Each structure stands twice: as C-alpha cells, then as structure tokens.
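> In order, the protein sequences belong to chains A and B. Here the first sequence is numbered in the numbering used here, starting from 1 and rising by one per residue. Here the second sequence is numbered in the numbering used here, starting from 98 and rising by one per residue.
Do not take every clue at face value.
Pair ranges (Cβ atoms, derived) [stated by the list, open to error]:
no., chain 1, residue 1, chain 2, residue 2, range
1, B, 207, A, 79, 38 to 44 Å
2, B, 164, A, 32, 41 to 47 Å
3, A, 27, B, 244, 21 to 27 Å
4, B, 206, A, 74, 46 to 52 Å
5, B, 159, A, 90, 27 to 33 Å
6, B, 263, A, 29, 23 to 29 Å
7, B, 204, A, 7, 57 to 63 Å
8, B, 204, A, 72, 45 to 51 Å
9, B, 126, A, 52, 24 to 30 Å
10, B, 187, A, 52, 20 to 26 Å
11, A, 79, B, 268, 45 to 51 Å
12, B, 183, A, 92, 15 to 21 Å
Which residues of chain A face chain B? A few of them, derived with a C-beta cut under 8 Å, are [what the hints assert, rightly or not]:
no., residue
13, 28
14, 31
15, 32
16, 34
17, 35
18, 39
19, 50
20, 52
21, 57
Don't read these hints as lab results, they were simulated from the structure. The model shown is predicted, which means the values in this text are computed figures rather than measured ones. Where is the CB? At the ideal position from N, CA and C, for every residue including glycine.
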Amino acid sequence: MGAGVKTKVFPRTQRIIIVMDDIAELCASIDRERIQRARRSSVEQKVLNGGRLFDAVRVRMISGIRWQFPEYDETQVEAEFRRRLRLSRRLELLHVE
Amino acid sequence: MSNDQGTPVEDVNTLVERVIRALDAAGIPHMLVGSLSSNSYGVERSTQDADFVIELGSRSIAPVAEALAPDIRLDRQISFESVTLTSRYQAVHTQTGFGIQFFLLADERFHQERFARRRKVPFGAVFAYLQSPEDVVIQKLRWYEKVKRSKDIEDARNVLVVQKTHLDLDYIRAWCDQHGTRTRFETLWSELPDF
Chain A
1 MGAGVKTKVF
11 PRTQRIIIVM
21 DDIAELCASI
31 DRERIQRARR
41 SSVEQKVLNG
51 GRLFDAVRVR
61 MISGIRWQFP
71 EYDETQVEAE
81 FRRRLRLSRR
91 LELLHVE
Chain B
98 MSNDQGTPVE
108 DVNTLVERVI
118 RALDAAGIPH
128 MLVGSLSSNS
138 YGVERSTQDA
148 DFVIELGSRS
158 IAPVAEALAP
168 DIRLDRQISF
178 ESVTLTSRYQ
188 AVHTQTGFGI
198 QFFLLADERF
208 HQERFARRRK
218 VPFGAVFAYL
228 QSPEDVVIQK
238 LRWYEKVKRS
248 KDIEDARNVL
258 VVQKTHLDLD
268 YIRAWCDQHG
278 TRTRFETLWS
288 ELPDF
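The shape of chain A in the complex, shown without the other chains:
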C-alpha cells in the first residue's frame, strides 16, 4: 500500500476500511504506478491491450445487463449492450471541458 494510506480493522465485524490521510498523495502514487507499468510494457504489447480491454468491458457489461434484466433473451441482451455502447459514444462527445 502506498504512502498516505492506512487501513483500519473493525474488531467486531472484521471489516477493513482504507483510510486516506492525503488523497492528493494517494492519487500521485496511483498515477506513478500506472506510468511505470506503461513504461515497462512494449509498444507491441500495448497496441493489443485496447482491444483486450474492450473485450473485458463487454463481458462485464453483458453480465450486468443479464443481472438487471433476467427475463431478457440473448438477442435482447446484445441489443441492450449495443444501445449502451451507442450512448457511451455520444456521451464521450459531450464530455468536453
């Protein structure tokens, strides 16, 4: 765990929470890790990862749709996935500063 991050355990429930002393420091530490990981990977590996990430996101989104609409058949699930994809493309265009 990076600097600025502590954990606290609640004895009765054994639940663990992460206490962030300094959110800015935590963000910087996550950013550093992402950058260092990216520097370690080759161009050949990384060019393939965008597609792999899409495949992984697709599997998760489809699971979510099935969970939300258990009555849907496969055609309806796929149609809802494509609808969300179209929506996300439109939102991306709206996401301006």
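Model the placement of chain B on the given structure of chain A, informed by the hints.
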C-alpha cells in the same frame, strides 16, 4: 470467448487483424490512429473503435467491404467527421458493436508527413502501422483545441509522461507553432509529474 448460447464471439484484436489483412489484400496503405495508437505510447484505456487512416487514392473500398462481410458491415457511403474535419467510411462488427473507421488521408501537409513517418509494428499475426508518439501528441492537442474533449488532453499528457525522454521535442514544437497549440503544449510539458 462465447456468449451464453455458446456462439463464439470474435475478440476485437482478431477483428482488427482481419481488417488489416483486407486492407493489405486490396493494396491500400494504412495507419492505425485514435486510441489504439495512443495506447501504444501512453497508458492503455479501453476503446470502442479502431481508427485507420487509409491512402485510398483511386482504389475502391469495395474489396475491403466484401472481405469483411457479412459480420463486419461497412457503409460504402462516405461521411464527414466533424471533429477531425476528414472524410471517412464507417464499419461495425454486428455481434459486438465494435466500430471501425477508415479516415481518408487528407492532403494537408501534417497529415501527409505523419503518414510518411508511420512505423511498422507486429499486431498479432499481421503488421500494423502506427503514427509516431510525437504525431499522436501533436494531433491530440489539435483536437483538444478544437473540441475540448477531455480524453484528448489526457491521452496527450499520458504519451508525454510515458515517452518523456524519447521524444523529438523540436518536431512537436514546430508543428504546435503551426497549429496554434504551442502554449497548450508548453503548459502540459511544464506540468508533467517528475517520475
């Protein structure tokens, strides 16, 4: 990968490989742009489209459309993209909704130069051509100035921070001067984290 009914679902990289094979077979020079190319030099993020710049010349897109059919549907009607101000053909993989866009190589000097500077990189069993990291930064800054899409500035920043010591800064500055994005570049460069 398969869906619940056991129907195999083609993964995205296999789709992109098929597109590259179709372009190669049609003799159409190509270059991968968009997030698949910024991913290669920066920090990976998921993408919903593969964007290619193609040098179509007097060739037809029809053989590519035929090679990709029936599961990849390519609209043979050319459309105009308002962000990049370029003409494009659009295709979609009907099963996954993954999009493929073919931007026609524009005559503008920067577009010609970045196409000439493209680099050959293995993509699975075929070869893709990627724009250089400098050209990713230059083009992302340009789009950001036009549209202010946060993902463009984020991609530019990620390429700069990951590639930091491997960039031709004079080349970037020269084009940013021409595109009116030099101030934006210098601000981004000066604010890069020191790691």
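> Now tell me, hint by hint, if it's right for this structure.
So, going through the hints one by one against the coordinates:
1. Evaluation of the 38 to 44 Å hint for residue 207 of chain B and residue 79 of chain A yields a pass: the beta carbon distance comes to about 41 Å.
2. Against the hinted window of 41 to 47 Å, the Cβ-Cβ separation of residue 164 of chain B and residue 32 of chain A comes to about 44 Å, which satisfies the hint.
3. Look at residue 27 of chain A against residue 244 of chain B: about 26 Å separates their beta carbons, and that is inside 21 to 27 Å.
4. A hinted range of 46 to 52 Å for the beta carbons of residue 206 of chain B and residue 74 of chain A is consistent with their spacing of about 50 Å.
5. Look at residue 159 of chain B against residue 90 of chain A: about 30 Å separates their beta carbons, and that is inside 27 to 33 Å.
6. Separation of residue 263 of chain B from residue 29 of chain A is about 24 Å and conforms to the stated range, judged on CB atoms against 23 to 29 Å.
7. A beta carbon spacing of about 59 Å between residue 204 of chain B and residue 7 of chain A agrees with the range 57 to 63 Å that was offered as a hint.
8. About 48 Å separates the C-beta atoms of residue 204 of chain B and residue 72 of chain A, a value consistent with the hinted range of 45 to 51 Å.
9. Remark: the range hint 24 to 30 Å for residue 126 of chain B to residue 52 of chain A is upheld by a beta-carbon distance near 26 Å.
10. A C-beta distance of roughly 23 Å is found between residue 187 of chain B and residue 52 of chain A, which places it inside the suggested range of 20 to 26 Å.
11. As the Cβ distance of residue 79 of chain A to residue 268 of chain B is approximately 46 Å, the hint placing it in 45 to 51 Å holds.
12. Distance hint check: the CB atoms of residue 183 of chain B and residue 92 of chain A are about 18 Å apart, consistent with the given range 15 to 21 Å.
13. At its closest, the beta carbon of residue 28 of chain A sits 7 Å from a beta carbon of chain B; the interface hint therefore holds under the 8 Å criterion.
14. Given hint, residue 31 of chain A at the interface with chain B, holds; its Cβ is 6 Å from that chain's nearest Cβ, closer than 8 Å.
15. Taking 8 Å as the C-beta contact cut-off toward chain B, the hint placing residue 32 of chain A at the interface holds, the least distance being around 5 Å.
16. For residue 34 of chain A, the interface hint holds, since its Cβ comes within 8 Å of a Cβ in chain B; the closest pair sits about 5 Å apart.
17. A distance limit of 8 Å between C-beta atoms decides the matter here; for residue 35 of chain A the minimum to chain B is near 6 Å, and the interface restraint holds.
18. Here the hint on residue 39 of chain A is kept, as its CB sits about 6 Å from the closest CB of chain B, short of 8 Å.
19. About 4 Å separates the beta-carbon of residue 50 of chain A from the nearest beta-carbon of chain B, less than 8 Å, and the hint is met.
20. Using the Cβ-Cβ criterion of 8 Å, the hint placing residue 52 of chain A at the interface with chain B is satisfied: the shortest such distance is roughly 7 Å.
21. Against a cut-off of 8 Å between C-beta atoms, the interface hint on residue 57 of chain A holds, since the closest Cβ of chain B lies about 5 Å away.
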